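Number of protein chains: 2
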Amino acid sequence: MNKDPVSKNKEISISEFFNKNRHILGFESPQKSLFMIVKEAVDNSLDACEEFGILPSVTVQMEKVDQDEFKITVADNGPGIDRKEVANVFGKLLYGSRFHQLRQSRGQQGIGITAAVFYGQITTGKHALILTKKPEDDVTYRFEIGIDVKTNSGVVSSEDRQITEMDHGTSVTIWARGKYQEGKQSIMEYLRETAAVNPDMELTFTNPDGKTIRFPRTIDELPKKAVPIKPHPHGTEVGDLQFVISEAKDESISRVLQNSFSRVSSRVAEEILSLSGVEPDQKAGTLPLKDIKAIVEAFSRVKIMPPQTDCLSPLGIEYIRRGLRNVYEELRPSFYSKPVVRSPIVYKGNPMVVEAGLVYGGDLSPDEPIRIVRYANKVPLLYQQGACAVTKAISDMDWRSFGLEQRSGSGLPFGPMILLVHICGTKIPYTSESKEAIAQVPEIVEEIRQALRLSARSLRTFMRKRERRNKANEKYRLVAQIIPEISLKSGKILGVDPPDTSRTISRVVNVVLIRERIEKQSEDTYLVSGEVTNYTNEERSFTIHISPPAGKSDTEKIAVERLEPAESRPFSFTVKSELPYRETDFYVEGIDPVYVIGAEALPPDYQMKEISYEVEEP
Amino acid sequence: MNKDPVSKNKEISISEFFNKNRHILGFESPQKSLFMIVKEAVDNSLDACEEFGILPSVTVQMEKVDQDEFKITVADNGPGIDRKEVANVFGKLLYGSRFHQLRQSRGQQGIGITAAVFYGQITTGKHALILTKKPEDDVTYRFEIGIDVKTNSGVVSSEDRQITEMDHGTSVTIWARGKYQEGKQSIMEYLRETAAVNPDMELTFTNPDGKTIRFPRTIDELPKKAVPIKPHPHGTEVGDLQFVISEAKDESISRVLQNSFSRVSSRVAEEILSLSGVEPDQKAGTLPLKDIKAIVEAFSRVKIMPPQTDCLSPLGIEYIRRGLRNVYEELRPSFYSKPVVRSPIVYKGNPMVVEAGLVYGGDLSPDEPIRIVRYANKVPLLYQQGACAVTKAISDMDWRSFGLEQRSGSGLPFGPMILLVHICGTKIPYTSESKEAIAQVPEIVEEIRQALRLSARSLRTFMRKRERRNKANEKYRLVAQIIPEISLKSGKILGVDPPDTSRTISRVVNVVLIRERIEKQSEDTYLVSGEVTNYTNEERSFTIHISPPAGKSDTEKIAVERLEPAESRPFSFTVKSELPYRETDFYVEGIDPVYVIGAEALPPDYQMKEISYEVEEP
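Residue numbers (this note's numbering), protein chains in the order written: chain V, 1 to 618; chain F, 1 to 618.
Among the hints, a few may not be true.
[Claimed, not checked] Listed next, the in silico SDA-like pairs over lysine to any residue satisfying Cα-Cα at most 20 Å (straight line):
hint, chain 1, residue 1, chain 2, residue 2
1, V, Lys-8, F, His-100
2, V, Lys-348, F, Asp-68
3, V, Lys-10, F, Phe-99
4, F, Lys-10, V, Gln-101
5, F, Lys-293, V, Lys-8
6, V, Lys-20, F, His-100
7, F, Lys-179, V, Pro-442
8, F, Lys-150, V, Ala-248
9, V, Lys-179, F, Thr-236
10, V, Lys-475, V, Ser-487
11, V, Lys-20, F, Lys-348
12, F, Lys-293, V, Lys-10
13, V, Lys-150, F, Ile-14
14, F, Lys-150, V, Thr-151
15, F, Lys-64, V, Ala-294
16, F, Lys-179, V, Glu-297
17, V, Lys-71, F, Leu-289
18, F, Lys-8, V, Pro-231
19, V, Lys-293, F, Asp-68
20, F, Lys-134, F, Thr-173
Think of the hints as simulated: they come from the structure by calculation, not from any bench.
On a predicted model such as this, the values are computed, not experimentally measured, just so you know.
Working from the sequences, and respecting the hints, build out all of it.
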C-alpha cells in the first residue's frame with residue numbers, strides 16, 4: 001500500500017465551487033455567458049415588478065468594449081433594493097428572498113444574478129455597477145460590487161449617492177468577456193419568447209451594433225399575483241418533519257402540524273395523530289423517530305385538500321394563444337390547437353400546472369424534427385432540450401397516429417409542428433442551477449404527457465377532417481370539371497347547344513356542397529360568406545351548425561329549407577377572433593352527412609361553446 | 001405600486017439548498033436515489049484505493065428493511081479515514097480532498113457521499129453507520145453520522161471502537177427510502193459497466209433478494225496513477241490570476257507565475273512579462289488590473305508547453321477492447337473497431353483525453369437508435385444522455401455514409417451499433433452535481449467528434465469490404481451452383497457424362513477465390529485454414545498478406561506460386577487474439593485485385609502491425 005498521498009481534506013466555499021463549475025451556472029461558452037447575464041437580470045426585474053405590482057418596463061443595452069469584452073446594462077422600473085442589501089444580493093451566492101417562500105417566481109435560489117456578477121469579475125477583473133432607488137428614497141444609490149471567492153461575500157468597492165431621473169428601479173451593469181450572436185439560442189430569441197408570454201412587459205433592447213428593438217406592452221393589466229403558501233403534507237419526508245419539529249420544540253404536535261403545513265385544520269391534525277397513535281398535546285420536541293415516521297405515513301392515508309393554487313400564476317388559454325400567435329403567425333400555420341391548461345398536480349407537496357398548445361402546418365418544414373418551445377415559470381428555456389422532462393414526455397409518446405413521422409414510435413417526431421409547453425409551480429425541479437431543463441421526474445413527465453395527449457388529440461381531429469375534406473373536394477372538382485367539358489365537346493360534335501349540366505353533376509356527384517369565402521374586416525373581425533348548392537336529385541332541408549375553431553361567430557346555425565336540386569343558396573355571418581381566421585368547421589343535421597361536402601356530421605355531444613377540442617381549465 | 005410584500009432576504013445554507021434541490025444531486029426518484037447511494041459509495045472506494053495504490057475489493061449489499069426502505073452497505077479495503085475527519089467527510093457538503101487538486105479522479109466536489117447520507121436521513125430519519133480502520137489503527141472506529149441542515153455540518157450521534165477482522169478499509173451503511181429495480185439504468189448496470197473498465201477491481205454485489213453476483217478481478221495490476229499538477233496558464237481568466245496574486249502579495253510576479261502555474265519556467269515567465277510590459281521583479285500584490293489583464297492576454301501569445309499528462313489515467317486501447325468484449329461479447333458483434341485514444345487536449349488549462357471504441361452488427365437490433373456507452377473518469381454515465389456532450393457530438397455527425405440510418409443527417413442514428421466513449425480529465429465539466437452528463441462545451445464536443453470520426457472510419461472500411469465481398473460471393477455462388485447443374489441436365493438430355501465444369505466456371509467467374517475456416521483452439525488461439533482456388537483461365541502467382549482485425553497471426557503472408565487454372569492450394573496459420581476471432585482481412589499483391597474474391601487490394605501504406613485502422617496513441 002502506497003502511503004505517501006496525504007489526504008488534504010478541506011472545506012470548499014460555495015463561491016469556489018461555482019468558480020470551478022461555472023458551466024453548472026450556465027457559463028460554459030462565451031456566447032452562452034452573455035446570454036446568461038441578460039437572462040438573470042431580466043428574470044430578476046420581472047420577478048421584482050410582479051411581486052410589487054408594477055407593470056414592468058425593462059431596457060437591455062449591450063456595448064462592445066473590446067475584442068471580446070462587453071458592457072451589459074439591464075435597467076428596470078422595479079421597487080428598488082434596500083441599500084443595506086445590495087452587497088449581499090449581488091455579491092453573495094445563495095442569498096435571496098424567494099428560497100424560503102412557496103410561490104411561483106422566476107428566481108428561487110439566490111444564485112443567478114450573483115453568478116452573472118461573478119462571471120464578469122472573473123473574466124474582466126471588473127466589478128459590477130448597481131444603481132438603485134426605492135420610491136421612498138430621495139437619491140439614487142450607486143454601488144460597485146465584487147465577490148470575495150474565499151468567503152462567498154459581496155465586496156463594496158465604492159458607494160455613492162446621486163440625483164437621477166429614476167422614480168424607482170434598479171440598473172445593473174456588468175462587464176464580461178463573451179461573444180454576441182443572433183439566431184438560435186440567442187439573447188434576441190430569449191427576449192422575444194419572454195415578451196410572447198409576458199404581454200404586460202415593455203422591453204427595449206439595444207444590441208452591440210446599436211440597433212434598438214422594442215417589444216411593446218400589449219396588455220395593461222398585471223397577471224394574477226402568486227401568493228406564498230405553506231408546504232403541503234403530501235410530499236413531506238421524515239427528515240422534513242424532523243426539521244420542522246426541531247424548530248418548535250415546546251409546542252404541541254397538533255399545533256405544529258396546523259401552523260407549519262397548509263390544509264391542516266385542527267380536525268385534519270387530529271385525524272393524522274389518531275391514525276399514527278400520537279397524543280395531540282404531546283410536545284413536538286419529545287417525539288421519538290418512530291412517531292415522526294408514523295405521522296409522515298399517516299399524511300398519505302388521511303384525506304387532505306390539495307394545496308391552494310393561488311401561489312401559481314399559469315399563462316392561461318388566452319396568453320398561450322397570444323404567445324403562439326405573436327411569435328409564430330409569420331409561419332402561417334394551418335392549425336392552432338386550443339390551448340390545454342391542466343388542473344394542478346402536487347409534486348412533493350408543491351402545486352404545479354402544465355399548459356400546452358401547438359401549431360401545425362403552414363410554412364413550417366415537414367422535414368425537420370418538430371420545434372419544442374419550453375417555458376418554466378414564464379421563462380423560456382432555450383438550452384439543454386435533450387435533458388428536459390418536456391422532451392422526454394414528447395419522445396416517449398407515439399406520434400405516428402397524429403400524422404407525424406417518428407422512427408419506431410419513440411424519439412423526437414419529425415413534422416411541421418411547434419409544441420409550446422409551460423410548467424409553473426412553486427418549486428420547479430431544474431436539472432441544474434442554470435435552470436435550463438426540468439428534471440425527468442416520473443410524475444412530471446407523466447403530467448406533461450397528459451397535456452400533450454390532449455393537444456395532440458385536437459390535431460388528429462383536424463388532420464382527419466382535412467384528409468376527408470380533401471378527398472371529397474377532389475372528387476367534386478373532377479366531376480364538376482369533366483362533365484361540363486364532356487357536354488361542351490359532345491354538343492360541338494353533335495352540333496347542338498351543350499345542355500345544362502348541373503343536374504347531371506347532381507346525379508353523378510350526388511352531394512350537397514358548402515363553400516365559404518373569408519374576408520378580414522378589421523383586426524379581429526372576419527366576414528364569412530358562401531353558398532350551399534344541392535347537387536343531389538332530391539329537394540333537401542337541413543341545418544348547418546357554425547363552429548369557428550377560434551373566436552366566436554354571430555350566427556349559430558343556418559336553416560336550409562327546401563333546397564331544390566341544382567339550386568344554390570347564399571349565406572353570410574361574422575366571426576370575431578383574435579387568432580387569424582382561415583376556415584369554419586361546419587356540422588350538418590337533418591341530412592345524411594355522406595351527401596355533404598364541406599361539413600361533418602354533427603357530433604352527438606355538440607355544443608356551440610366547446611367544439612371538438614378537449615380542454616381542462618384550472 | 002403594491003407595497004405590502006416585505007422582501008425577506010436571507011442567507012441559504014448549502015445543505016438547505018441541496019435539500020430543496022435533491023434532484024440536482026441525482027435523487028429525483030425512488031429508484032434513482034438507491035442507484036446514487038451505491039454509485040457515490042463505490043466511486044469513493046475506487047478513488048481511495050487508486051490513490052493509495054491498493055487493488056480494490058468492494059462489496060455492495062442491499063437489504064429490504066420495509067415496504068420502501070432499504071439498508072445499503074458498501075465496504076472496501078481502502079486506506080480508511082482518519083477518525084477526526086469522518087464527521088466532515090460524511091456529514092458536510094462541499095468538503096473533500098480532491099477539489100483543490102488537479103488530477104483525474106472520480107469524485108471532485110466533496111458532495112457525493114454526503115448527499116447520499118443526507119438523502120437517507122431525510123427519507124428515513126436515520127443516521128448513517130460508518131466503520132473505518134486505517135492500517136496503523138489498532139481498532140475499527142464505528143460512527144453514526146447525520147447532517148445539520150441549517151449549518152451544513154456533520155453530527156456524530158455515536159462513536160465507538162471495536163475489534164473487527166478488517167485490516168484496513170471503510171464501510172458505509174445508509175438506510176434510505178427507495179425502489180429497487182434491475183434492467184436499464186440500474187445498480188446492476190452501473191456495477192457491470194464499472195467492472196468492465198476497472199478490471200483491477202473485484203466486486204461482490206448482493207441484491208435485495210439475497211442473490212449474489214461476483215465480478216472477479218481480471219488484472220492484478222494497478223492502473224497508471226494520476227499525479228496532481230498545477231493549473232496551466234491556458235484557460236486562466238483575469239479573475240483567476242487576481243486570486244492567485246491576492247494569495248501571494250509580496251512575491252515578485254515572475255516567482256508567482258513560476259510557482260503557481262505548470263509549464264512556466266523562468267524563461268517562459270520572462271517572455272510573458274516582457275510581452276505584457278511588466279517588470280519581472282514587481283511585487284505581485286501591487287499590479288494594477290490593466291497589467292494583470294496584459295499578462296493573461298500574453299498567456300495565449302507565448303508558446304507554453306501543453307500540461308503534463310501524468311495527471312491523467314486513460315483506459316487505453318487494451319482496456320477499451322476488454323471492456324467492449326466483456327460486456328458485449330454475448331451480442332456476437334460482427335465488427336470491433338480498433339479503439340481510438342486521442343492525444344490530450346487542454347480545456348481551460350485542464351488536460352483531457354477522449355477515447356472511443358465501437359462494435360457493430362451481430363445480434364444488435366438494426367431498428368433501434370444506436371446504444372451509447374458513456375464513461376467519465378472511468379465512471380459509467382447512465383442518466384441524462386440527452387444532455388451530454390457525447391450525445392451532442394454523435395447527433396451532430398452525419399452517420400449515413402457509415403451505413404447507419406439517420407433522418408436528415410442529424411440526431412441519434414439507428415442501427416446495430418454500440419459506441420463507447422470515455423472522457424478523462426483533471427476537471428470534467430459535468431452539467432450538474434450529480435455528474436450524469438458532460439456539459440456541451442464546444443471544444444469538448446469537437447474533440448469527441450474527432451474521436452468518433454476515427455472510429456467510424458474503420459467502420460466504413462469494414463462495411464464497404466463486407467458489401468463488396470458479399471456481392472462477389474453471391475456472384476460466385478450463383479455461377480458455381482448453376483453451371484454444374486446445367487452440365488448435369490444437359491448431360492442427361494444428351495445421354496452423355498456431364499463434363500468437368502471447373503474450367504467453365506473459371507471462364508465465367510474469372511476469379512481467384514480465397515476461402516477460410518476458423519476453429520477455436522484455446523481461450524485466445526484460433527486455427528485458420530482454407531484454400532485458394534484459381535477460377536481464371538491463366539496461371540497465377542501472387543502474395544496474400546494476412547491481416548487479423550484483432551490479435552496477431554503467426555504468419556505474415558502466403559506466397560502463391562504458379563497456381564494453374566482450376567487448381568486449389570490449401571493454407572493454414574494460427575491467430576492469437578483476446579477478442580473473439582471471426583474473419584481475417586486478406587490483402588493481395590501481384591494480381592489485379594478485381595479478379596480476387598475474399599481479399600482486397602493491398603493498401604499503399606500497408607504495414608503488418610497497424611492495419612487499416614487509424615489510431616492515435618497518447
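Tested hints:
About 9 Å separates the Cα atoms of V:Lys-8 and F:His-100, which keeps this hinted pair within 20 Å; it holds. The hinted pair formed by V:Lys-348 and F:Asp-68 meets the criterion: a straight-line CA distance of about 17 Å does not exceed 20 Å. For the hint linking V:Lys-10 to F:Phe-99, the alpha-carbon distance of about 8 Å falls within 20 Å, and the restraint holds. Taken as a hint, the F:Lys-10 and V:Gln-101 pair is honoured in the structure, with Cα atoms around 11 Å apart against an allowance of 20 Å.
Of the pairs offered as hints, the one joining F:Lys-293 and V:Lys-8 is violated, with about 32 Å between alpha carbons and a cut-off of 20 Å exceeded. Simply put, V:Lys-20 and F:His-100 have alpha-carbon atoms about 10 Å apart, close enough for the 20 Å limit, and the pair holds. Among the hinted pairs, F:Lys-179 with V:Pro-442 is consistent with the structure: their alpha-carbon atoms are about 13 Å apart, no more than 20 Å. Taking the CA atoms of F:Lys-150 and V:Ala-248, the gap is near 14 Å; set against the 20 Å cutoff, the hint holds.
Among the hinted pairs, V:Lys-179 with F:Thr-236 is consistent with the structure: their alpha-carbon atoms are about 18 Å apart, no more than 20 Å. Between V:Lys-475 and V:Ser-487 the alpha-carbon distance is near 18 Å, which keeps this suggested pair within the 20 Å criterion. Taking the CA atoms of V:Lys-20 and F:Lys-348, the gap is near 10 Å; set against the 20 Å cutoff, the hint holds. Between F:Lys-293 and V:Lys-10, the direct Cα distance comes to roughly 30 Å. Violation of the 20 Å bound is thereby established for this hinted pair.
Our distance criterion of 20 Å between C-alpha atoms is met by V:Lys-150 and F:Ile-14, whose separation comes to about 15 Å. In summary, the hint linking F:Lys-150 to V:Thr-151 is supported, as the alpha carbons are separated by about 18 Å, within the 20 Å threshold. In summary, the hint linking F:Lys-64 to V:Ala-294 is supported, as the alpha carbons are separated by about 19 Å, within the 20 Å threshold. With a CA separation close to 17 Å, the supplied pair F:Lys-179 and V:Glu-297 stays within the 20 Å bound.
Of the pairs offered as hints, the one joining V:Lys-71 and F:Leu-289 holds, with about 17 Å between alpha carbons and a cut-off of 20 Å not exceeded. For a cut-off of 20 Å, the pair hint linking F:Lys-8 to V:Pro-231 stands: about 18 Å separates their Cα positions. Using a Cα cut-off of 20 Å, the hinted pair V:Lys-293 and F:Asp-68 holds, with the two alpha carbons roughly 13 Å apart. Note on F:Lys-134 and F:Thr-173: the hinted pairing holds, with a Cα-Cα distance of about 18 Å set against a maximum of 20 Å.
When held up to the earlier numbered hints, the structure conflicts with 5, 12 and fits the remainder.
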